[in-house]
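All chains should be built: construct the whole structure from the sequences, respecting the hints.
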Amino acid sequence: MSECRKSGSARSTGWCVTEQREGVMSRVDQKCWMGLRILVWSGLWVLLQGFAVAQEREQPTPEWAELATHEEAPDWFRDAKFGIYFHWGPYAVPAYGNEHYPRTMYGHPSGKMPVKSEQKRNYNLGVGFQTFREHVFHREEYGEPKEFEYHHLIPRFKGEAFDAAEWAKLFRMSGARFAGPVAEHHDGYAMWDSDVTPWNAMDTGPCRDVVGELAEAIRKEGLKFITTFHHARMGRYPPQSSEREKRKWHYYGREKYFERTVPDYKDTEALQTLYGTMPWQDFLAMWNQKLEEVIDKYRPDLIWFDSWLDRIPQLNRRAFVQTYLEAASAWEESVVITYKQNDLPQNVGVVDFEKGRMDRLTSFAWLTDDTISAGAWTETGSWSFTEELDIKSSQTIIHTLVDIVSKNGNLLLNISPRADGTIPVDQRAALQGVGQWLGINGEAIYGTRPFRRYGEGPKRMKSGGHFVQMDGEYNAENLRFTTKGDTLYVIQMGWAGSRKPVLIQSLAADLLGEVAIKDISVLGSQEAIQWEKREEGVMVRTPFKAPHKAALVFKIETDGWHRMQLRDEAEQMGPITVDG
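Just so we're on the same page, the numbering used here is the position in the sequence shown counted from 1, plus 57.
Take the hints with a grain of salt, since some may be wrong.
Capping the alpha-carbon separation at 25 Å, the derived lysine-lysine pairs in BS3-like fashion look like this [claimed, not checked]:
id: 1; residue 1: LYS602; residue 2: LYS557
id: 2; residue 1: LYS606; residue 2: LYS516
id: 3; residue 1: LYS516; residue 2: LYS449
id: 4; residue 1: LYS516; residue 2: LYS412
id: 5; residue 1: LYS602; residue 2: LYS590
id: 6; residue 1: LYS602; residue 2: LYS575
id: 7; residue 1: LYS557; residue 2: LYS519
id: 8; residue 1: LYS557; residue 2: LYS516
id: 9; residue 1: LYS557; residue 2: LYS575
id: 10; residue 1: LYS612; residue 2: LYS541
id: 11; residue 1: LYS516; residue 2: LYS612
id: 12; residue 1: LYS612; residue 2: LYS590
id: 13; residue 1: LYS557; residue 2: LYS449
id: 14; residue 1: LYS590; residue 2: LYS541
id: 15; residue 1: LYS590; residue 2: LYS575
Source of the hints: derived by calculation from the structure; they are not laboratory data. None of these values were measured; they are calculated from a predicted model.
Set out below in structure tokens:
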């Protein structure tokens, strides 16, 4: 019997009746399971596919071009700079491995897998075979996966300490200007009150509309509300590519995210929606329906997509974009869609880099999503909570944010709550440290635009893109630039000490030309700052006392830095061939 609905024996949605028993949807009206909407969607998809014509891959289709009239990076997004989201779901219950526990708990389908030396920590190295360490842990903790499956963990995901208002206050105090949940990860579990799938947080697990509560609380704190979607990966590969993909080995399994061990679940419609094993057209219909439902109920200001969006046909992706933009127009709000790789046209959304960033200044706005854990992904770098998480220092997060903003980007930082809904003390401390620095120096971050050069100093990225990290930490030899109006902000990545000289070479006499410097001060300090113009640059001295030692900000007021002779060119984004 469902514990979530106190007023009756089960929930009736108008299309299905369900009960929860140790995670199993034990009573399902099979005739009405997917409902009229999924039938309509599936039929429409087939009909439109029949009329589809081959499109030129060198440029967006006319349909994409029609949708490209909106501003993909509105001012609120470009001004906000820093956001927070979080991986929180049933996969946090074991507190082991990483957020891919729902997949790896079943072990590798062959029982064997190639293991590189640097990955050995992530696997149990048994006698005669190698498998995911989550598989070994699961057998020891819960029993054989075929007896205790992923959906049996859902009733243990209670979230009893979850407090949306308290979380939202923490996000605001951390300096975030936008925030929200992973609405659905690769596991097929919806964190909102859903009529599309019974596997949702209102009907199972915490018995709470997590997305709804957070939407209200986050907006109450004055932040923009976001939702992230990772559910394209849970479905099977499209029929036209499945045979090719099945010949490959890769971490996520061959045909689908869940390598199922109980074949009769392919014929159990309730479990198909969790494990993604329904017919491909039904999966695509559900993919769109979930997005439509969240748009209708919660009006997110930003919808973020994980990789593998190119599995979804362009027809479905375009339908989503059209639905979202039309809804935003009705709300009279400017919204943002983010994507990875070439999954959407540039003039439809904002490109996102996972655990990486650009290595140079760009003319276009972009986003980095990174996590608060410090370890490598195969070790302690999980995006969801585990007992072995190693947390980044607030200084590391601040330096990452500063470097990203100087190059025209925004940072979306992931945190990892416990299954009970508490945010661990070490993660809170890191966030509060970021908030303290932004409380002093936010003027140099929020609402700024790039300078003609992103910075100076020896520490530079070797390349840009996904999964590119700095080797070591920044120090006071590294400077980063931002601007607001006629003001230039020079951010020193560390504390060099009292009254130490800092040479800003980008303000050399030949580059400044006739531009006058009116004043130089340090944010958060009342001290008069010593400075002088030299041929090789402007020399400033640090104050006697640092307002915050993570990074020092010199505020340089000019009569128009735009007239400078400095002409570093920002990287342009070339035309995108939309994948899929």
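Cross-check of the supplied hints:
no.: 1; hint: LYS602 with LYS557; result: holds (11 Å)
no.: 2; hint: LYS606 with LYS516; result: holds (18 Å)
no.: 3; hint: LYS516 with LYS449; result: holds (19 Å)
no.: 4; hint: LYS516 with LYS412; result: holds (18 Å)
no.: 5; hint: LYS602 with LYS590; result: holds (23 Å)
no.: 6; hint: LYS602 with LYS575; result: holds (23 Å)
no.: 7; hint: LYS557 with LYS519; result: violated (29 Å)
no.: 8; hint: LYS557 with LYS516; result: holds (20 Å)
no.: 9; hint: LYS557 with LYS575; result: holds (21 Å)
no.: 10; hint: LYS612 with LYS541; result: holds (10 Å)
no.: 11; hint: LYS516 with LYS612; result: holds (22 Å)
no.: 12; hint: LYS612 with LYS590; result: holds (15 Å)
no.: 13; hint: LYS557 with LYS449; result: violated (28 Å)
no.: 14; hint: LYS590 with LYS541; result: holds (22 Å)
no.: 15; hint: LYS590 with LYS575; result: holds (12 Å)
In terms of the numbered hints stated before, the structure departs from hints 7 and 13, listed from lowest to highest.
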